[in-house]
Amino acid sequence: MLDPITTPDWSLAETVHLLNRAGFGAAPAAVREWHALGRTAAVDRLFAAEESAALTSARPAWFSMEKYRDLAIAVRDERMALAAEKGNPAEQKARQRRLKQMTQDRQQAAEAAGWWLDRMYATRVPLVEKMTLFWHGHFATSLEKVKDPYLILQQNELFRSHALGNIRELAKAVARDPAMMIYLDTDQSVQTKPNENFAREVMELFTLGEGHYREQDVKEAARALTSLKVNRLLGRSFFHEPSWDDGEKTFLGERGRHQCDDIVDIIFRKPECARFLGEKLCAFFISDSASPELAAAVAEALRRHDHAVAPVLRTVFLSAEFYAPHHRRAQIKSPVQFLVQTRHALELDDLPRPLQLGILQQLGQVLFRPPNVAGWDGGRAWINTNTLLARYNVAGFLLKGPDSRYRPPLAMGRNAASKDTRAARDRLARMLSRRAVVRMSAMVTPDQRRDPAAALTALSERVFQAPLRGADRLPFEKFLARQGGRELTDAALASLLHLLMSTPRYQLC
Amino acid sequence: MIMPSDSSASGLLRTRREFLRSTMLGAGTAWTMPGFVAGTIALLQATAEGRPSPTTGRDGRILVILQLAGGNDGLNTLVPFADDADHRARGSLALPRTALLRLSDDCALAPSLGGLRALYDEGRLAIVQGVGYPNPNRSHFRSTEIWQCATDAHKVSKTGWLGRYFDNACDGAPNPTVGVSVSDQAPQSFRAARHPGIAMSSPELYRWVHGQDEALEDAFAALNTPEEENDDMMAGGSIPMPAGGKSGGPDPADESPLAFLERTALNTQVSSDQVRAVASKAGRDTGSQPAGGRLAQSLRLVSRMIAGGLPARVYYVSHGGFDTHNNQGGERGSHQNLLRQMDEAHHRLSLGVCDPAPRLARNRSGSGAGPRLSTASTSDARLMVGQNGG
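Chains as they are written, first to last, in numbering that gives the first Met the number 0: chain A, 0 to 508; chain B, 0 to 389.
These are computed hints drawn from the structure, not numbers from a lab. We put the beta carbon where it would ideally sit given N, CA and C, even for glycine. Among the hints, erroneous ones may be present.
[To be verified] Ranges of calculated distance between the beta carbons of each label pair, as one might list FRET restraints:
1. A/S160 <-> B/A149: 37 to 47 Å
2. A/W61 <-> B/N167: 46 to 56 Å
3. B/R123 <-> A/A373: 38 to 48 Å
4. B/G59 <-> A/R303: 51 to 61 Å
5. A/A490 <-> B/A149: 44 to 54 Å
6. B/Q184 <-> A/L70: 31 to 41 Å
7. A/G86 <-> B/A149: 44 to 54 Å
Between the sequences and the hints, there should be enough to build the whole structure, so can you do that?
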């Protein structure tokens, strides 16, 4: 079912489809650039391009192992000193220290999420960032429990470095990842009391799916995982021999003195693993209502390539099935996809991070805080009356700024009530009101302003990335007919764009 | 469905919505329109004419849920004061026994719950103790989810207990506002296959915000209302008609993503119209009540919606900040303050909402025409008996 497509040429519509699914979309000029490469070269570029040096080196300032270690040591020393003191003042100080830590954590979490979002927009390797997002949803880990932004960002880097690599190796690394270990209690697992949390989820949610292992397998896997610990000063994990249950175990039918890596190896020898992962990749990149045959074909490709992502996705992106009309414009954009793709459509190179984070919160997808270990449901789950209205209103704000009369949510990451935060909000509001958020002149020529039908064509192609025909043009034409003047003003164009984006159709990619 | 070839030809610029209202219900007979669209149109019509909605009718019972968010300290709300072991284990968290409001020989309410005590004496309060589930999960987050979805401790569910109620109880007359969460987000308990209710913190904001422009408004309405069946799926804007016509709603599994989006868009318009119509009918928030904090504001909103006849069966209000942990502060502390606010909230609701209009006062004695109200306070219980360490 994943036979290669044989037509040598490809249409702009197919280019758009590839860029939206393998990445976060692109502005019209970029789409034409990719289209000009030809299909095969474009797909090559998805895998071979290198990230810009600027993006590779940029990280939040606090994200360094040395700084993390020094801070962790200072915190530990302070805590020990306070424990030695007695009485209320000591408790007071301890509480204040905790509050300060919480505030800092929130702030850094916001910085980490904002950093990633901007990277998704500016990246030269969109497929890497899209797969990073996939892994974040798959190996779901939440700051809600982990609390430490350093560890979460470290996990994010792990996903990035393994984004297109071998899934089995990634799974082994995830089992040892400190954030995951804290999230699923691996770091509390000891010989006398093995914790089954990760052992269960690694099979149920990460590799095999329910029904393909037994309760006994969970117990045996838990025993094998008893050796891993987190060094909280360094933010690293290590193997702690004394707490390892080194006895014989039988896991998924294989006997041995299994350790963590062995468990992963055994799981990946099962064909169910490729089937489970294949289904997920199929749903994410092609369709969440794909036929069993299609999902099976992706699974087969995974098996053939020993669970390596790059060759499998390459096969998908060069297959006829991927470009089939019924798969196009049939996927509901996730909030992240909606935001980044809208930025491309409107060429919003510069968008304040608190606004971006606030938007994502409103639309129901907060980075680094998936709702539970099953990640985000995706698809239709993104849409209800409230989130749909939010998408429409956010589009209006991005287009018209304060003129839209919509008060956007802002996620500052700090204590919302503090004087500091109120001052920051005011600065942000002033910044947003001074600057036109979208440059209309970049999107519509003076001739098009004088010709409403042409303006509609230009802007609808930018927004829907497909021609708007016949009866579908009517509501927009009627609106334009009621605008006065010889040429369309910025405000009228902004309203037209707002209308185009306030449609069910705009939610699809 | 029969549509005019072009509205402008008749010289009238009618919104699609107006057209739907006027022609569809009048024309009757051979519709093969999905039942849910017909039902929704009926709701639009009812709202426009100010008739009571078909869902709650006059005897429909309304449930208002007050969630104590953050994990209420149950043992300091309903205190087993006769139990010495509890008192000892609680340390500085324990309340002085003389201040407690006794309900029976072995349990009492916290001092700030005078209103609840009065309700108990009137026989209008029931307390369900010891509600829990096996193998409690110590993660607060996960535990909340288990409560909201009413699942086993190790299962992850896509639907919440209220969502399942909405889907099963309200499918006959599909009603987008069957459940209303007074906040920017709906709780997990609202998650549903078909009818997840709405989340709204203010009626004025629960709408498409665009500045005042009628031309925009008309175009928006046209773009977010289902069109006639169209063979070309790419033209965007057709709701597939299920074979056999009017039977119930579409099976979510069969619905295309576009059709699902269009159905939601229609529900959004309907619920937004309903909410705003009701809000304007019930009058503006006159502010004659004291400000009273967010809980009081949310409840005033609930009252307005009920008084205005919004056909919601369940309202959900979250009263936050119960994760006080060790900083509860005894009798005059933050925990007791929160409980006091909750107590006042129950009191107001039990009076038949805030607005002391004669019609509603009659309701209290049972002879009025308003809806019958039940209120429930829920929370996820604190799991540790002793004080939380460091």
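For each hint, the structure was consulted:
no., hint, in the structure
1, A/S160 <-> B/A149: 37 to 47 Å, "holds, 40 Å"
2, A/W61 <-> B/N167: 46 to 56 Å, "holds, 50 Å"
3, B/R123 <-> A/A373: 38 to 48 Å, "holds, 41 Å"
4, B/G59 <-> A/R303: 51 to 61 Å, "holds, 59 Å"
5, A/A490 <-> B/A149: 44 to 54 Å, "holds, 50 Å"
6, B/Q184 <-> A/L70: 31 to 41 Å, "holds, 33 Å"
7, A/G86 <-> B/A149: 44 to 54 Å, "holds, 45 Å"
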